[in-house]
Structures are given as C-alpha cells and as structure tokens.
Amino acid sequence: MSKDFEQQLHEALRPVDPEEGFEQRVLARIVQERSSTRRKVTRWASVALAASVVFAAVLGTHEWQLRREQEGLEARKQLLEALRLTGEKLDVAYQAVNREAPEPADDGSGA
Amino acid sequence: MIMKALFRHSMLVLVGTLSFCTNTFAADGQLKIPEFAGLADKAAESVIITLDPSLLRLAARFLDPSDPEDAAARAAIAGIKGIYVRSYKFDQDFAYPKADVDMVRKQLGAPGWQQLVQVRTRAEQQNVDIYLLVEQERANGLAIIASKPREFTIVNIVGSIDMKKLHELEGQFGIPKLDLEDKK
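Quick note, the sequences are listed as chains U and H, same order. Take 1 as the starting number for the first sequence in the numbering used here and just add one per residue. Take 1 as the starting number for the second sequence in the numbering used here and just add one per residue.
Any given hint might turn out to be false.
Dumping the calculated DSS-like pairs for lysine-lysine here, alpha-carbon to alpha-carbon at most 27 Å [claimed, not checked]: (1) LYS98/H <-> LYS32/H; (2) LYS81/H <-> LYS42/H; (3) LYS77/U <-> LYS81/H; (4) LYS89/H <-> LYS77/U.
By construction, these hints were calculated from the structure, which means they are not laboratory data.
Could you put together the complete structure from these sequences and hints?
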C-alpha cells in the first residue's frame, strides 16, 4: 500500500518538460497582468482626480457665493447709509429754505 | 520734414483737446472727489461710500421688496449709475483741508450744473450747496456739499435722477418733501 503510494507520488512528481511556448505564454500573461493593474490604477486615479475637481468646484462656488452675499449685504448697507446721509443734508437745506421763506398767510388753497 | 512737424503738432493739439474734453465733462456728472488721504485717521467719524454701477446693481439685489425702506431705496436708485459719499466729523474746528472741499465746489461751475439751493447759516457756520446736472431737461447728476467747522459731507449721485422718486423717499430716510419743481 505504502509502496504503491510512493510509486504514485514518484510518478506524479517526475520532471516533465514544459509544452512548447510555455515560457512565452507565462511572459505574455505577466505583461497582460501588469498592464491591467496599470489600467486599474489609472482609472482610479482619474476617478479620484475628477472627484477632487468636482469637490473643489463645489467648494469654490460655495465660497464665491458666500463672499458675493457678504459684498451684497455690505453694498446694501452702504446704499442705505448714503441715502440716509443725502436725506439728512437735503433736510438741512429744506429747513433753512423754510425758515427763510415763511409760509404765506393761509388763503385756503391748502397746499 | 515740415509736413512731419505739422502732423506731430496737429496730433498733439488733438490729444490735448480730447484730454481737455474728458476732464471737463468727466463721466456724466461724476465729480472728481479728492482722496482726503489720512483724513479718516484724524476724523472722529468718517463715512466713505463708493457705489459704482456694479455695486449698485449688487446692492439692489439684496434689497428686500417687502421692506418699505428697501422698496423706497430700490425705486430711488432706478436710473442711477453711481453714488459717492465722503463724510467726516472732527473733534476740532476746521481740521479738514478746506481747499479740497472748495476744489469740488469749483467743479460745479462746469456747464450743465445748476445750483438748486445754497444755505449759509451764521449761527452754526453751516454751508449747504445743492447742485443738479441738467442735460436735456433731465437731472443727470446731483451734488451736495455740506460743511460745518467740525464736519463736511460731499454727496455725488450720478445718473438719471427722478425727483419724483426722491420725493417718495420722504419719511423713509428723513428726506423731506422738496418743492424742487418750483425752484426752476
């Protein structure tokens, strides 16, 4: 039994010459696997790059909108302040003109 | 040789004339307001407002139409191209360069500018001058120069000014009703 087994093992492990073209096939397979890995890496790098660009664009747009909103609110504040100051100075002129030219006696026109 | 010199002379005259025109009729009612460099540091209070057309448009976008003050402001700035304000208050009398203020006043002697109101109060030593730039029977610019010993304000509004809308600001920003039509 044990002799048979040894015999079988011996036969199974006997040196066998590789088939013709074995070396080329192995080398071709290695090259193919290498290029496949490279393709995968390139694909992932592209996806990561695209994601980064999209993220940067979204972040940039958000920042720009925030800045624009701040500028807009500041411009609104300045506009209201400018109109308030204009009104104040027109008021001074109005009061002075009114003091200099008192209302004529009420003639019932109801201006 | 002579032709060359004549041509050069003509070009110089042309450039000079164009430059004169540009300076005299600067940007439709926009006054050349001095820098007042360093004045903000000396002043107790200072307001420097420069609203060019793009900033005015941006400001208008942020006005709330449901707010009466904002709505009045929006109506008032329709047709206006720019608002420029310089206002300074000081702790001492005449701490500001009077010559700079007079330089702005001088610009209002240019054709088109009409003085609407001139106020001189002896008690407060207050001067207020209001000018309108009238072109083709339309007010295309407004200038207010107000000065007191301790403060001065220059307001320059550029663009088509609707006096009716200015009337409508009454009560919104403390602007009184002015009988502007009667002053013509």
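*asked:* Could you work out which of the previously given hints the structure breaks and list their numbers from low to high?
replied: Structure breaks hint 2 only.
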